[in-house]
Amino acid sequence: MLKTTPFHTRTAALMQANQWRRWAGYTAASSYEMTHDREYLAIRNACVLIDVSPLCKYQITGADALPFLNRLVTREVGKTPIGGMLYTPWCDSRGKVIDDGTIARLGENSYRLTSAEPNLRWLEDNALGMQVQIEDVTEQIASLALQGPKSRELLMTLTDAPLGDLKYYRFCTTSIAGVPVMISRTGYTGDLGFELWMDANPASAERVWDALIEAGRAFALQPAGIWALDVARIEAGLIMLDVDYTPANKAMTNAQTSTPLELGLEWAVSWNKRSFVGRKALLAEKQRGVASVLVGLEIDHHEFERQHHALGLIVPYPFMAWRSIIPLHADGKQVGYSTSGVWSPTLKRYLAFGHLQPAYVVPGSTVTIDLDIDRFRRPFSAKVTKLPFFNPARKKDTL
Amino acid sequence: MNTHHYDVIVIGGGHNGLVNAAYLAKAGKRVLVLERRHKVGGATVTEEIYPGFKFLIASYLVSLLRPEVIHELDLMRHGLELMPLESTFSPTLDGNYIADWPDHDATKYEIARHSKRDAEAYDEYARTMRRLALAIRPLLGMIPPDPTSLAPRDLETMAKVGGVLDQLRKEDFYLLARLMTMSAADFLDEWFESPALKGTKTTSGIIGTFLGPRSPGTGYVLLHHYLGEVDGVFRTWAFARGGTGAVSQAIASAAREAGVTIQVNAPVAQVLVKNGVASGVALENGDEYTADIIVSNADAKRTFLKLVEPQHLPDEFLHDIRRFRISSPACKVNLALDGLPTFTAIPKGKEALLRGSIEIAPSVDYLEKAYDDAKYGGWARKPFMDALIPSLLDPGMAPPGKHVMSLFVQYASSDLEGGWSEPKKAEFLDVVVDTLAEYAPDLKSLILHKHIMTPWDIEQMLGLTAGHIFHGELALQQLFFLRPSAQWSNYRTPIRNLYMCGSSTHPGGCITGAPGRNAAFAILEDRP
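From first to last, the protein sequence lines are chains A and B. Sequential numbering from 1 applies to the first sequence in the working numbering. Sequential numbering from 1001 applies to the second sequence in the working numbering.
Hints are not guaranteed to be accurate.
[Unchecked claim] Computed cross-link-like contacts, DSBU-like style, restricted to lysine-lysine with a CA-CA straight-line distance of at most 35 Å: (1) 1170(B) / 250(A); (2) 383(A) / 395(A); (3) 1108(B) / 3(A); (4) 3(A) / 1116(B); (5) 250(A) / 3(A).
[What the hints assert, rightly or not] With the C-beta cut set under 10 Å, the calculated list includes, among others, these residues of chain A facing chain B: (6) 2; (7) 120; (8) 254.
Derived by calculation from the structure, the hints in this document are not laboratory data. Note that the Cβ used here is the ideal one computed from N, Cα and C, for glycine as well.
Construct the complete structure from the given sequences, taking the supplied hints into account.
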């Protein structure tokens, strides 16, 4: 039997369409309603509650916790104050990304790292000889994402914590319904939002869920699944492991691997750090130039629509994000590939992620992507743009 | 034309002999297969020893049967049906167990119960082994070159070998070099910490091999078993409906369709050699058959030490064949059961584990001790077993409601001190049943009939020297261009027109069909 999260009795009661999926060995909702439309719209217009408990979490403590993390990840961890968080990828010695996630600084020598895949072995192997304790707390900590423009207002009805001042990538501790909760100003939607971290005991975790749902009635809170989240994260230009990149330790060939520079994450590489795993290889790549660059693509939906009409068809909007490798062409040859795409109801554009050869990374220029129309596959032009596609001011604002 | 003259005579109707005959017949040769038993198959055979129960008296699973053999001989049309085994269940000494399921998450949960670290390492391990297996797989279908030779054929093949190794990532090349020279236990120690996981994973490195898990060389055997695939899924074992006998029946059917004549009850006594050239064979009853080409499916020792008179062979070749390592560590036990045994370690709701492999290999130490017991001419007091309940996969293997259990048992020496007598056989059979009953206490009350094939029985009944299922150890010193002898690894022999096509040749044992197919290509190179 697939494992369930501490919120499962609650999420199962909401499920209308039996649309479950697997997430890191757990049962997770794809969408609770028959379609994910309302769940998505709530991310951008009201607020949603997403059970993100399957995220892997590691408690890292000890005198060498900071040197250890600085050795592990590409980004400088030392500048983060207690109560701060940061996003970072980490690489193998070839500079190929193994995973990406967040690090929260809980105390002087105490951190919590999240990842998409289990990383205990990689962490332990990189901690050899260091004064550091690494504990897998995935099953001890339940987590909820409360995302959307109304999320702050909602939360403020449940806690006195100074959420109005809580900055992007900062966290505070408080309690909700009598249950201790850590609230961080983070998320995977690119919108105003929070993540709530608490003990995984279902009895207390359910109390938090229930309080949020109850208070959420006044804010049109919508429980949401992964389908809605997938639309939002593409709009926000956020990459997904196993979709937009293959973790280096799972790749069968070199071609499957990616570096942070290729994934548009150079901003999260602290060159000033004297050493971290993969630094030498990444520095060499920087000097040599990358082989591919992650870009945004805006697919010509007008032409897509026109060709459908010409065949007597109504254009099907890709409301559900697709996750497949589709070649990108220019100058009569393949110049890259696309990994994710979706119709953005907020931007009214057909968005996709492209991995392009650097020579073709010219904002405003176009490449072609082959898409299915009825019984045919035809090339459509896709305009190269910068990521993110959608970046509202409310994502980072304070009251 | 003399009806007793053929283009090719294949000595022995084992699966490789039949594959070889089928390929040669498809190439237009007139081929005769001479089988000493009343039916073909050799060690790839199903026998109804006890009425209503079909026993797998030698081989029991299919994995390494080359997809190209299945495809080119159209074996599915000839009745081959393969059912992949879904799981592996390995009970441990403390009443716990570890299991491998076809589902990735389900397997990870099982391993994580023993070690979270190992559950993570397992993914990377499996991928690495697959990458290595993928890289060396082309070698299976090659006629091994002589690396010291400057003949164009050898140079060309050496270049291909180089090409294969060039495909590897640098790190994988180093790893391959290490794996080839390491013991399976040492290699697995580098990946895992859980004794249960290491125990069950080590078995691929020792199965059929008279080496312990800590003997160097078992690393290669580990990889050898990763070369197995069913429908492109690596490291999968399949049960052939009707038992492995159905595999040889399918190949025999393909061979007959291609025009091969198969004669059973025709034991060959001697290969007839005139002036250093093989010209025919003499049967035990005195009948003689002549052919342009003689191919031996028998193992190298039987072929060159029994069927060919020594004066026809060069000394150094005879020396190689004499020292060819062929001591067997394995017995085959079959149990006719009145019902399904209850393995106490299997939790409620996971009874499906009985449909897969059942490995009695609780730890590396357990396996090493089993080897220790046997290596001085004895048997393991607590043997390693690879068990299977075929009747759960194919109800035709036993009467309704009854079951048959197949046990591959290791280690019991083919050179048993004092020899394998009936009392010794009975004694070891009790050791096997007693050991298994520790994990399934109701086993003994269900046994209707028990049957053992010791290495001695396998030799007597099936003609495999020392009862060795691989026709000689898969040890590094006798693989690829060294199998069975340095200058004679390309299926040719020092006697002109005499060829080898059995598992004593590259790539060795298991139901692969590869030696038979490769040998056919070597013969067709010489006699298009």
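Here is how each hint holds up against the structure:
A C-alpha spacing of about 17 Å is found between residue 1170(B) and residue 250(A), which places the hinted pair at or below 35 Å, so the restraint holds. Among the hinted pairs, residue 383(A) with residue 395(A) is consistent with the structure: their alpha-carbon atoms are about 26 Å apart, no more than 35 Å. Simply put, residue 1108(B) and residue 3(A) have alpha-carbon atoms about 11 Å apart, close enough for the 35 Å limit, and the pair holds. Of the pairs offered as hints, the one joining residue 3(A) and residue 1116(B) holds, with about 15 Å between alpha carbons and a cut-off of 35 Å not exceeded.
Proximity of residue 250(A) to residue 3(A) is assessed by CA-CA distance (about 23 Å); at most 35 Å being required, the pair is judged to hold. Annotation: interface hint on residue 2(A) holds; nearest CB of chain B at approximately 7 Å, less than 10 Å. Below 10 Å, beta-carbon pairs count as interface contacts, and residue 120(A) has one with chain B at about 5 Å; its hint therefore holds. Satisfaction of the interface hint for residue 254(A) is found here, the shortest Cβ-Cβ separation to chain B being roughly 7 Å, below the 10 Å cut-off.
Taken one by one, the earlier hints all hold for this structure without exception.
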